[in-house]
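Novice: As they're listed, the protein sequences go chains A and B.
Residue numbers for the first sequence follow this note's numbering, so the first one is 15 and each next one is one higher.
Residue numbers for the second sequence follow this note's numbering, so the first one is 15 and each next one is one higher.
Hints listed in this document are in silico derivations from the structure and should not be mistaken for laboratory results.
Glycine is no exception: its CB is placed at the ideal position from the N, C-alpha and C atoms.
Each hint should be verified, as a subset may be incorrect.
To be verified - Once the Cα atoms are required to be at most 20 angstroms apart in a straight line, the calculated SDA-like pairs of lysine to any residue come out as:
| no. | chain 1 | residue 1 | chain 2 | residue 2 |
| --- | --- | --- | --- | --- |
| 1 | B | Lys326 | A | Lys239 |
| 2 | A | Lys239 | B | Gln238 |
| 3 | B | Lys167 | A | Ala236 |
| 4 | A | Lys239 | B | Gly287 |
| 5 | B | Lys239 | A | Gln238 |
| 6 | A | Lys31 | B | Ala143 |
| 7 | A | Lys167 | B | Lys239 |
| 8 | B | Lys31 | A | Leu266 |
| 9 | B | Lys239 | A | Ser264 |
| 10 | A | Lys239 | B | Lys239 |
| 11 | B | Lys239 | B | Arg344 |
| 12 | A | Lys31 | B | Gly287 |
| 13 | B | Lys239 | A | Leu266 |
| 14 | A | Lys239 | B | Ser267 |
| 15 | A | Lys167 | B | Arg177 |
To be verified - Far from chain A, some chain B residues (derived; all Cβ distances over 12 angstroms):
| no. | residue |
| --- | --- |
| 16 | Glu137 |
| 17 | Arg177 |
| 18 | Ile309 |
Protein chains: 2
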Amino acid sequence: MNIGILGYGTVGRNVHKLLGAVDGVSVKYVLEQRGKLTESFMTPDPELILSDPDIELIVDALPGIHPSYEYMKEALSHGKHVVSSNKAAICFGFTELHELAKENHVSLLYEASCGGGIPIIEEILRIGALDDISRVSGILNGTSNYMLWQMDKAGMSYEDALRDAQRLGYAEADPTADVSGFDVKNKIIILSSLAFDGYVEKDIPMIGIEAITKEMMDGLRAQQKAVKLMGIAVKEGDRYALAVTPVIVSSLSLEANVPLNFNIVSFEGNYVGEVKLYGQGAGGDPTADAVVRDILKVARGDAACYERHFTKTLAYDPSLLRGRCHVGDRVLEDAVLAEASAQAIREQVPFAFEFNA
Amino acid sequence: MNIGILGYGTVGRNVHKLLGAVDGVSVKYVLEQRGKLTESFMTPDPELILSDPDIELIVDALPGIHPSYEYMKEALSHGKHVVSSNKAAICFGFTELHELAKENHVSLLYEASCGGGIPIIEEILRIGALDDISRVSGILNGTSNYMLWQMDKAGMSYEDALRDAQRLGYAEADPTADVSGFDVKNKIIILSSLAFDGYVEKDIPMIGIEAITKEMMDGLRAQQKAVKLMGIAVKEGDRYALAVTPVIVSSLSLEANVPLNFNIVSFEGNYVGEVKLYGQGAGGDPTADAVVRDILKVARGDAACYERHFTKTLAYDPSLLRGRCHVGDRVLEDAVLAEASAQAIREQVPFAFEFNA
Numbered sequence: 015m016n017i018g019i020l021g022y023g024t025v026g027r028n029v030h031k032l033l034g035a036v037d038g039v040s041v042k043y044v045l046e047q048r049g050k051l052t053e054s055f056m057t058p059d060p061e062l063i064l065s066d067p068d069i070e071l072i073v074d075a076l077p078g079i080h081p082s083y084e085y086m087k088e089a090l091s092h093g094k095h096v097v098s099s100n101k102a103a104i105c106f107g108f109t110e111l112h113e114l115a116k117e118n119h120v121s122l123l124y125e126a127s128c129g130g131g132i133p134i135i136e137e138i139l140r141i142g143a144l145d146d147i148s149r150v151s152g153i154l155n156g157t158s159n160y161m162l163w164q165m166d167k168a169g170m171s172y173e174d175a176l177r178d179a180q181r182l183g184y185a186e187a188d189p190t191a192d193v194s195g196f197d198v199k200n201k202i203i204i205l206s207s208l209a210f211d212g213y214v215e216k217d218i219p220m221i222g223i224e225a226i227t228k229e230m231m232d233g234l235r236a237q238q239k240a241v242k243l244m245g246i247a248v249k250e251g252d253r254y255a256l257a258v259t260p261v262i263v264s265s266l267s268l269e270a271n272v273p274l275n276f277n278i279v280s281f282e283g284n285y286v287g288e289v290k291l292y293g294q295g296a297g298g299d300p301t302a303d304a305v306v307r308d309i310l311k312v313a314r315g316d317a318a319c320y321e322r323h324f325t326k327t328l329a330y331d332p333s334l335l336r337g338r339c340h341v342g343d344r345v346l347e348d349a350v351l352a353e354a355s356a357q358a359i360r361e362q363v364p365f366a367f368e369f370n371a
Numbered sequence: 015m016n017i018g019i020l021g022y023g024t025v026g027r028n029v030h031k032l033l034g035a036v037d038g039v040s041v042k043y044v045l046e047q048r049g050k051l052t053e054s055f056m057t058p059d060p061e062l063i064l065s066d067p068d069i070e071l072i073v074d075a076l077p078g079i080h081p082s083y084e085y086m087k088e089a090l091s092h093g094k095h096v097v098s099s100n101k102a103a104i105c106f107g108f109t110e111l112h113e114l115a116k117e118n119h120v121s122l123l124y125e126a127s128c129g130g131g132i133p134i135i136e137e138i139l140r141i142g143a144l145d146d147i148s149r150v151s152g153i154l155n156g157t158s159n160y161m162l163w164q165m166d167k168a169g170m171s172y173e174d175a176l177r178d179a180q181r182l183g184y185a186e187a188d189p190t191a192d193v194s195g196f197d198v199k200n201k202i203i204i205l206s207s208l209a210f211d212g213y214v215e216k217d218i219p220m221i222g223i224e225a226i227t228k229e230m231m232d233g234l235r236a237q238q239k240a241v242k243l244m245g246i247a248v249k250e251g252d253r254y255a256l257a258v259t260p261v262i263v264s265s266l267s268l269e270a271n272v273p274l275n276f277n278i279v280s281f282e283g284n285y286v287g288e289v290k291l292y293g294q295g296a297g298g299d300p301t302a303d304a305v306v307r308d309i310l311k312v313a314r315g316d317a318a319c320y321e322r323h324f325t326k327t328l329a330y331d332p333s334l335l336r337g338r339c340h341v342g343d344r345v346l347e348d349a350v351l352a353e354a355s356a357q358a359i360r361e362q363v364p365f366a367f368e369f370n371a
């Protein structure tokens, strides 16, 4: 099978490297910027790749929504399979891209878009084929977890933790997507759509970690608690709710003990019970590993069992997500997260959520 | 596809129930004891099931090595696929059963044998198809973890914790397999064979939790540590070692915070890094869920990607597993686990292992 790789950053390069050891898959073209065309397989022309009838599968390893979204649409329209690591573009065009893949009888796989090498999507689909999944939640952003961990364990200030994350390459020069919750939002939308087998609302409550202070953490630690940035999605019957928010958890929970830039995701099936997956949620090698596993599913003809049809009509009902809401210095018991977090934004005070016991 | 179920305890009954919602698979016979034949599909005659040419797949949901092992051999010889939840029989006949499946071009799947509904084997095979896995370890027995948890958190004595586990149905009247480490031994042998892609030694160091006292736990807690019964397997090049032993872990580790009768397993791939899976390691519904997922792999024709060929010739080298060994009151730094644990058995003193920092 001939493939084309769009983008030759850390992920694209690592995918190319890993494919070197895989029989039956060869990289025909790599899309690269005009000034960086150092190899004969590199081209700056996306059309050359997207319209080449020899190429059966396109790897999207570009960052950001555009032009990834347009390239994926074109590839699917031309009957090519698409494997993507780009959560922003996958989330943005979730419905349209899936419909296009279905119309053209090709696969659209994106394990690497959520949780790097951790096989979260594989397991949600496997378990979801048999179970009714009623909850997905987790620590889905390594950068913000690294910062919270350093604030909690090394006593760093928010600013020092951010500089430390930038120094290690975990955070971008502009860290907004990581600290504001936007990255987590993309991921929880993708994961809950797959878990609940329906297209979900994208305009959801989103609170980041910008307002979390070392003092708040010290106070929580004294109560045997910790705070983590989490994506949460719950379903009851055909109603569901989702949110991105700082969550206060027991210091004895697995979540509280997820260190550094690691991720954890939980889901709850009616037969299997609670399952959690933990690992490196980012980085070139783990992410490339997930991309190549997706390519192998297509190459070996077993991608069909990793398809969802989003057949359920689900109703967005934010009132399903309720619990103890911390709005500034006040604690609202059994309040609706969407309302309490909106109030915190209006009043410009910090917000955190705690599940009802 | 017609299937036959051997055994109608919690697992067999739950498999039957779950299959009710699955198209294309029907249960033709269930093997049941003579006095319990309440339904027309039940028979006490294994030959009726194992030699029926209509039956393409046999579910082994019996306990213990015999006659499960013999039934599985016969089913495979007759060209039937086998799905088993029976770790004792799978571990006992690991090589022979796999060779038979290969000769007869049928599948032998046993996700439910290790970790109930947690998709441990699936993920080891998926990740192992691309990565070199150098380590598998984990809390693989819910009963012993429940007892240690109650001793640590509720201050119970070993005897009270055992009675409590028996009252809840977690421990058998004879709890030997759980507390002695034998159950974990079966599982770590199965998991490491799959992870390392070779048949492994079965005569390995095995220490259970019988000698662990509340006092030992109190001392560890004061040092921010905890003790957990774990299976461990490591590989370096073509050499490997395995063991079952109480392991002393940091109270900040995920392992230390695995509550009640839950399980966790970690593995380390050269690209994906460290991945951990957590969930209910036993129970009728989770285990049946895993059995049915295996049946679906066969029914949908994608079982081939869940096969290992055990092509690697591996050398058992116990000296690979070394660390801080607690032998009674003494601490041996950087000692070989196999030697130190044998010494503890000879001297009839407690043993625990701690990884080198």
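Novice: Next, verify each hint and record whether it holds.
Specialist: Quick rundown of the hints versus the structure:
1. B:Lys326 to A:Lys239: violated (47 angstroms)
2. A:Lys239 to B:Gln238: Satisfied, since the Cα-Cα distance of roughly 16 angstroms is no more than 20 angstroms.
3. B:Lys167 to A:Ala236: holds (19 angstroms)
4. A:Lys239 to B:Gly287: Distance of about 28 angstroms is beyond 20 angstroms: violated.
5. B:Lys239 to A:Gln238: Holds, at roughly 16 angstroms.
6. A:Lys31 to B:Ala143: holds (16 angstroms)
7. A:Lys167 to B:Lys239: holds (17 angstroms)
8. B:Lys31 to A:Leu266: Status violated; Cα separation ~36 angstroms.
9. B:Lys239 to A:Ser264: Judged against 20 angstroms, a Cα distance of about 18 angstroms means the pair holds.
10. A:Lys239 to B:Lys239: With Cα atoms ~18 angstroms apart, Lys239 (chain A) and Lys239 (chain B) stay inside 20 angstroms; holds.
11. B:Lys239 to B:Arg344: The hint holds at about 17 angstroms.
12. A:Lys31 to B:Gly287: holds (17 angstroms)
13. B:Lys239 to A:Leu266: holds (13 angstroms)
14. A:Lys239 to B:Ser267: holds (16 angstroms)
15. A:Lys167 to B:Arg177: violated (39 angstroms)
16. Glu137: At about 6 angstroms from chain A, Glu137 (chain B) fails to clear the 12 angstroms cut-off, so the statement is violated.
17. Arg177: Consistent with the label, Arg177 (chain B) stays out of reach of chain A, its closest Cβ about 24 angstroms off (over 12 angstroms).
18. Ile309: violated (10 angstroms)
Of the numbered hints stated above, those contradicted by the structure are hints 1, 4, 8, 15, 16, 18, listed in ascending order.
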